[in-house]
Amino acid sequence: MNKKHPNRSLLLFCAPALLVYFVFKLYPAISGFFYALTDWNGITKTYKFVGVSNFREILDDSYFWGSMRFTLKYVLAIVVVSNVVALILAVAIESRPKGKGFFRTVFYMPNMISMVIGGYMWMFIFTKVLYYMADNWNLKFLDKSWIGDPKYSFLAIIIVAAWGAVGYLMIIYMAALQGVPTELKSAASLDGANAWQIFWKVTFPLIGHAVTICIFWALNSGFQVFDVIYALTGGGPGRATQSAAINIYEEAFKGNIRYGYATAKSTVLFFIVLMVTMLQLRLTKRREAEL
Amino acid sequence: MKLRKIMALILAGVMVLSMTACGGKSTDTKESGKTASETGVVKNTGATEEAPKEAELNIMMSFPQYMDQWESYCKKFEEKMLAEKNIKVTVNLEMPSSDQYETILQTRLTGDDAPDLFTLHSNNIGTYNKAGNLTDLSGEKLAGKIYENVRSTVSVDGKLLAVPIESQAWGVLYNRDIFEQYNLTPPETLSDLKSICETLNSNGVTPFMLAFQEQWVPQLMTGLTLGDIVSGKLTDWLDRMYKDEGSYAEVREIFDVIDLIMQNGTDRAMEEGSEAGSADFAIGKAAMYVQGTWAANTIMETNPDMKLGVFALPINDDPNCTRVNLSTSTTLAVYPGSQNKDLALEFANYVLDDNDSSELFQSCSFNPLASCHNYESSSWVDEASEYVARGKAYQDLVLPSSVTDEQGKLLQEYYVGTVTVDDIIERLDAAFKNANSLN
Amino acid sequence: MKRKNMMVNIFVYLFLIIGAMYTLFPLLMALMNSFKTNGQLLTNVISLPDRIHFENYIRTFEKMKYLRSLGNTVLLASVSVSLMILFSALAGWKLSRTKTRLSKIIFSLFVFSMLIPFSSIMIPLYKVTLTLHLKNSLLGLSLVYAGLGVSMAIFLYHGFVKGIPMELEEAAGIDGSSSIQTFFYVIMPLLKPITTTICITNVLWVWNDFLLPLIVLSSNKKYTLLLSTNTLFGQYSSDWTAILSALILAAIPVIGFYALFQKQILKGIADGAVKG
Chain A
0 MNKKHPNRSL LLFCAPALLV YFVFKLYPAI SGFFYALTDW NGITKTYKFV GVSNFREILD
60 DSYFWGSMRF TLKYVLAIVV VSNVVALILA VAIESRPKGK GFFRTVFYMP NMISMVIGGY
120 MWMFIFTKVL YYMADNWNLK FLDKSWIGDP KYSFLAIIIV AAWGAVGYLM IIYMAALQGV
180 PTELKSAASL DGANAWQIFW KVTFPLIGHA VTICIFWALN SGFQVFDVIY ALTGGGPGRA
240 TQSAAINIYE EAFKGNIRYG YATAKSTVLF FIVLMVTMLQ LRLTKRREAE L
Chain B
0 MKLRKIMALI LAGVMVLSMT ACGGKSTDTK ESGKTASETG VVKNTGATEE APKEAELNIM
60 MSFPQYMDQW ESYCKKFEEK MLAEKNIKVT VNLEMPSSDQ YETILQTRLT GDDAPDLFTL
120 HSNNIGTYNK AGNLTDLSGE KLAGKIYENV RSTVSVDGKL LAVPIESQAW GVLYNRDIFE
180 QYNLTPPETL SDLKSICETL NSNGVTPFML AFQEQWVPQL MTGLTLGDIV SGKLTDWLDR
240 MYKDEGSYAE VREIFDVIDL IMQNGTDRAM EEGSEAGSAD FAIGKAAMYV QGTWAANTIM
300 ETNPDMKLGV FALPINDDPN CTRVNLSTST TLAVYPGSQN KDLALEFANY VLDDNDSSEL
360 FQSCSFNPLA SCHNYESSSW VDEASEYVAR GKAYQDLVLP SSVTDEQGKL LQEYYVGTVT
420 VDDIIERLDA AFKNANSLN
Chain C
0 MKRKNMMVNI FVYLFLIIGA MYTLFPLLMA LMNSFKTNGQ LLTNVISLPD RIHFENYIRT
60 FEKMKYLRSL GNTVLLASVS VSLMILFSAL AGWKLSRTKT RLSKIIFSLF VFSMLIPFSS
120 IMIPLYKVTL TLHLKNSLLG LSLVYAGLGV SMAIFLYHGF VKGIPMELEE AAGIDGSSSI
180 QTFFYVIMPL LKPITTTICI TNVLWVWNDF LLPLIVLSSN KKYTLLLSTN TLFGQYSSDW
240 TAILSALILA AIPVIGFYAL FQKQILKGIA DGAVKG
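Residue numbers (numbering that gives the first Met the number 0), protein chains in the order written: chain A, 0 to 290; chain B, 0 to 438; chain C, 0 to 275.
Hint data in this document are derived by calculation from the structure and do not stem from the laboratory.
Quantities reported herein were computed from a predicted structural model and do not represent experimental measurements.
Be careful, since some hints might not be right.
In silico EDC-like cross-links for lysine to aspartate or glutamate, where the CA-CA straight-line distance does not exceed 16 Å [to be verified]:
(1) Lys432/B / Glu56/A
(2) Lys432/B / Asp59/A
(3) Lys306/B / Glu382/B
(4) Lys253/A / Asp266/B
(5) Lys143/A / Glu270/B
(6) Lys432/B / Asp60/A
(7) Lys150/A / Glu270/B
(8) Lys143/A / Asp266/B
(9) Lys62/C / Glu70/B
(10) Lys253/A / Asp404/B
(11) Lys127/A / Asp266/B
Required output: the full structure, derived from the provided sequences and hints.
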């Protein structure tokens, strides 16, 4: 019977997954496009169709583009910092015979803890511990407004976000490194290549897939950054550290409570993310093929 | 096999949950032990033999810091209802943290999931009333008890729309001991305030406590200065703002005093939360603090010997502009579509109950605001009330809430130096116009 | 040559040790200071506590309704992930075994949606929970998580099933057991490695997610550990001893989970990512 109606039993097996998926992901995504065309707000119960005027308004919304710029800056920084650090750590740990398990356990630990919890712990470091060190140990370079000054609060956000992300990426890199056959490395070593050359000529090309995954992950989570910033600066001072997700959240739930307009903004964010990830996937795929 | 595992997982989850539920209950019984015996007595004397009716009341409040006081007040209400009306009420009291309170309330009001009673800021009464979220309380017992000057802050078109809870005259808090030590008196004009700052600075005392981490704290400076200028000088400014005919450029002089405060304040303001600011002010880290009398609770808890004073913030050299802000912040409203409206109204009345209200208000350090309140107010409250008695007070200005938010954000940015006064004026004008166009 | 190796060794270990200190620093500072009195904390944040003050913990334990929040979180995570695994294993297996056009369409539908960022669907999703009366319900929220998580899980199952030979299923099919039975008795055991991976990554996701419960759960009776901690943070912003002890209390379950299942977790994370 299965052989005769493969689609019938397919639908039967997919039904529960399709149901929750349609209701909680696809429908919200599609109806989002519709709400984006209305003036729906949080107070009144009715709303009307306003066409593309929300999108036109976004073009002139300097706060939204400001938050978008901040998000791009953040994504760039976190993709580079977390991947470089994770790769260095992975190589360093993999190349040492002792303490592998210990270091892996420690470095992954922050990833287990929610960024809200981690963010508040770091808040304590930035508002109390560093000042104590600056005042009592005469470490003047620590006496900065870590939360208040946009220059340093960006640094603070990256420090905390990298703290949370590095362990995860490191585990992926380590798994990839373990897959590199040792014979290849020893062969290269016999040919007189030094460690640096071996890494770039032999190892790195073989872990290209992991690099793609890690960059993809960092990009994707970077564009949606919310928790870290929410816990550390709340987007402030003013809007200096507001990410796109925080800007949308505030538009929807604070001040004028404009759901319709906020959904229009999130639609724009969606297309930007889509474009960037497509581009990234294409680029790295091509590189992987070349290597 | 897998299914069994999944079931086991779910079961385990349910078990943990039920265990915690029991755990929660056992801690409650300590408090309610007394309750049970009291209601027992009532039942014996009461003539009704019927089983009590059951009802639920959902209340949402933005008072996480007074959780204990309100919880026990709700317990008392439950007892009272059982004794007087033979209704077994279960009050579900929700206290979301204050920065998320509005979000949650608004989403629930739009979602037809409204609580029976909820607190709101008196400045929002107009908006909520327009959206049909408030019940007219003019006919209730409580209406007659509220003092006239407070009543007007919670009324629209003569209709009483909410029960005032927190109402105060406020300005700048100061440390009386420090002022006495250097022979200083509260300022009448901006020049006075400048010379106070000079005296304090030359004696190594920081004049102002700055705690700007939360946006609403720097925003208090605009609250006070705009009130001063509108009541003393530009009386039609706000009306014109609502008609898109005014500009913040006209009130530019408020930055004279804002600059003075920012330049003579404590360091690391952006790293200091409001509560931390109150605690630091209490232990004498600065002589003055732009903060409402609602902070008195934390201050007196940190330093019970503190001599706290209040003065009106001067903005220029015209003493007529130096006034205190008379405002009702938190009020309690009844949702018109409530399933248990009678009971909700009962609760609203109970908040200003002749017997029990004073104790509640005193335990939360709220100011007396109705004839049923018969307790002594604190010395700093009296000091502020003197300004009111001399007519040197104004009703808190009602700005669109998005503009209020914007003021807080911009003052933070102004403090860290990323915007100029011109930027602020331009952006606030735009925010006001935007809010006008949406309402 | 040997000497140079030694130097490299020392340098690398030094680097790793510094890295480890940086990683543990906030956790250790939070732990250390959570045992102090407030006065002690304000005078010196670096020193060790004079004695272990458990008062902070007792106070926050009650204030954040720890057991209730923990129970809520356990319930939420276990139900969400169970549903997710059940739904996606059923679908992923069948999608992989059926070679029709419809199968391809459904599969790409799931895969495509993995790109939709959560913030884009946040508000409409909120509206859906209102309409279906799932708001403020932990079981309702579990369904939402299942809906959000199935696409990734289906993708992983789909890939994994491709590597399993068909013979076993066919043998079971000839025995006359129905499809559903085949699935539970034959397929699910075969999928165990990938199920572990999916289980671990998603438990961590649901456990640590903040924004979705923040907008869906409004009553503090339903609060998860994270939400209770966040509320406490607003309540005691001046009292770091209370906050830090709350943070430690909130971190204990995950750290304990990590200590117990470290091997599986690290393997699961690596597998999940590499196959995705």
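Hints, one by one, checked against the model:
1. Note on Lys432/B and Glu56/A: the hinted pairing holds, with a Cα-Cα distance of about 14 Å set against a maximum of 16 Å.
2. A hinted pair counts as satisfied when its Cα atoms are at most 16 Å apart, and Lys432/B with Asp59/A qualifies at roughly 15 Å.
3. Proposed proximity of Lys306/B and Glu382/B is supported: the alpha carbons are some 12 Å apart, at most 16 Å.
4. Pair hint Lys253/A plus Asp266/B does not hold up; C-alpha atoms about 29 Å apart against a cutoff of 16 Å.
5. A distance of roughly 10 Å separates the Cα atoms of Lys143/A and Glu270/B; the hinted pair therefore holds under the 16 Å criterion.
6. Note on Lys432/B and Asp60/A: the hinted pairing holds, with a Cα-Cα distance of about 14 Å set against a maximum of 16 Å.
7. The suggested pairing of Lys150/A with Glu270/B holds, with an alpha-carbon distance near 15 Å, which does not exceed 16 Å.
8. Taking the CA atoms of Lys143/A and Asp266/B, the gap is near 11 Å; set against the 16 Å cutoff, the hint holds.
9. In summary, the hint linking Lys62/C to Glu70/B is supported, as the alpha carbons are separated by about 13 Å, within the 16 Å threshold.
10. With a CA separation close to 9 Å, the supplied pair Lys253/A and Asp404/B stays within the 16 Å bound.
11. Annotation: proposed proximity of Lys127/A to Asp266/B holds, straight-line Cα distance about 13 Å (limit 16 Å).
Hint 4 from the earlier list is the only one contradicted by this structure; the remaining hints agree with it.
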